[in-house]
Amino acid sequence: MQARNQRYENVLVILLFFTVGSVFFDRLSISFLFPFMRGDFALTNSRIGMLTSALALTWAISGVLLSAYADNKNRRKLVLIAAVAVFSLCSISSGLASTFGALLLARALMGLAEGPVLPVSQSLMTFASSDSRRGFNMGFIQASAVGLLGSVLAPAVIVPLASAHGWRFAFYCAGMPGLVLALLLAIYIREPAVVEKKESLLPVDQRDMPFMKVLMDRNIFICMIMSCLFITWFLAIVTFGPAYLIEQRHFSPMDMSVFMTVLGVSSVISGFAVPALSDRVGRKPTLIVFSAVAVCAPLVIGFLPGTLTTLCLAIFVAYFGYGCSAIFLATIPAESVPRYFISRAVATVIGTGEVIGGFVSPTLAGFSADTFGPTAPLLIAAGSAVLALFASLFLRETAPRKDRVPTPEAKVVNDAVVG
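Position one of the sequence shown corresponds to residue 1 (the numbering used here), numbered consecutively onward.
Please keep in mind that the hints were generated in silico from the structure rather than gathered at the bench. If a hint is listed, it holds; no wrong ones were tucked in.
Restraint-style ranges between C-beta atoms, simulated for each label pair:
#1 Asn74 to Val317: 35 to 45 Å
#2 Leu89 to Thr371: 32 to 42 Å
#3 Leu308 to Phe100: 31 to 41 Å
#4 Phe169 to Met216: 47 to 57 Å
#5 Asp131 to Asp370: 44 to 54 Å
#6 Asp131 to Phe169: 39 to 49 Å
#7 Ser132 to Leu304: 37 to 47 Å
#8 Lys73 to Leu313: 44 to 54 Å
#9 Met254 to Ser130: 38 to 48 Å
#10 Pro400 to Phe169: 45 to 55 Å
#11 Asn5 to Phe100: 45 to 55 Å
#12 Thr307 to Pro400: 43 to 53 Å
Bear in mind the structure is a predicted one, so any value in this text is a computation, not a measurement. Quick reminder that beta carbons are idealized off the backbone N, C-alpha and C, glycines included.
Take the sequences, apply the hints, and build the full model.
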């Protein structure tokens with residue numbers, strides 16, 4: 001039985017890696033296509049920010065609501081499969097848009113479909129993970145997946161496709177892998193049967209008012225703050241960085257693609273290496289160190305002089321700060337609440353970050369770029385990382401290998417899972 005569970009854990013982590021990665025492949029593809037789309041939609045920096053913000057707002061809403069539904073009805077598998085299929089179709093529909101309003105609507109609908117994918121995936125991964133691999137697994141399917149598919153493969157695939165066949169064809173291709181993944185999920189994923197046992201053990205008031213339980217935890221509150229700040233940091237870099245490199249630093253589109261690919265390689269490695277390090281030394285010290293590293297990434301794009309090679313080497317090191325994102329977006333929330341609430345805890349942290357960091361911040365960053373100059377979004381990103389560093393100082397350690405006293409509710413639920 002243990003060997004069978006180990007095999008399921010190993011296959012699940014690979015399948016969810018590509019599932020989450022495909023979400024961000026579709027989501028981030030538009031950032032690399034903005035230079036190709038400017039003429040067709042008269043895209044200003046403010047409009048670029050609006051496109052990013054619309055997806056983030058609907059992502060946040062659906063992430064919280066559909067994750068709660070998946071938990072309450074024990075329908076994680078169904079929600080995940082449907083979400084993956086729908087967001088793939090929405091990505092294809094982005095290529096059909098003929099007006100800015102139609103493109104904005106397509107991106108908003110895509111956010112509705114993508115919202116529950118990450119929290120539900122992390123919930124499934126938590127149930128299947130052994131304690132010694134939880135940080136690694138959750139970081140691998142989130143941060144490394146986003147790095148490989150969203151930051152490495154997306155520019156390497158999307159930019160040449162757009163250059164050769166146009167940006168619409170690139171959108172059509174971006175949506176195809178998700179449809180295949182939806183079929184694989186339907187075949188392989190199994191619903192955690194333990195949920196029914198947990199429901200009978202938890203008091204009714206905990207099941208009826210989960211957000212009150214979640215929001216009362218100090219770690220959840222701090223992770224919500226860090227989510228807002230780091231999503232601001234992340235989206236400022238990936239939304240405005242590619243255009244800045246071409247229009248302000250005068251790199252060619254292919255040079256930009258190389259730079260973003262190196263950034264992506266850094267995120268892939270840091271995405272599993274940093275969470276794995278946190279399994280060894282603790283979540284809190286890891287967050288403190290790599291939040292400080294993250295401050296340097298937007299400054300490299302905006303201000304570091306030198307050749308493309310110099311910038312690529314610098315961003316490879318500086319973007320290791322990205323690796324800590326899965327720790328406060330998923331691992332610490334999952335370890336801070338009873339397992340029955342994991343999907344909602346992760347969705348609440350990510351949803352809050354999407355509303356502030358994903359919806360409000362890109363629009364403000366775009367407006368600031370049009371008003372104060374193109375370096376403004378990069379300065380906003382650096383400042384956000386500094387504030388995230390400060391917030392991480394107040395976290396409570398949750399790593400299983402460090403000192404931790406679980407809540408009584410968490411102990412009851414975790415005993416049920418083990419039993």
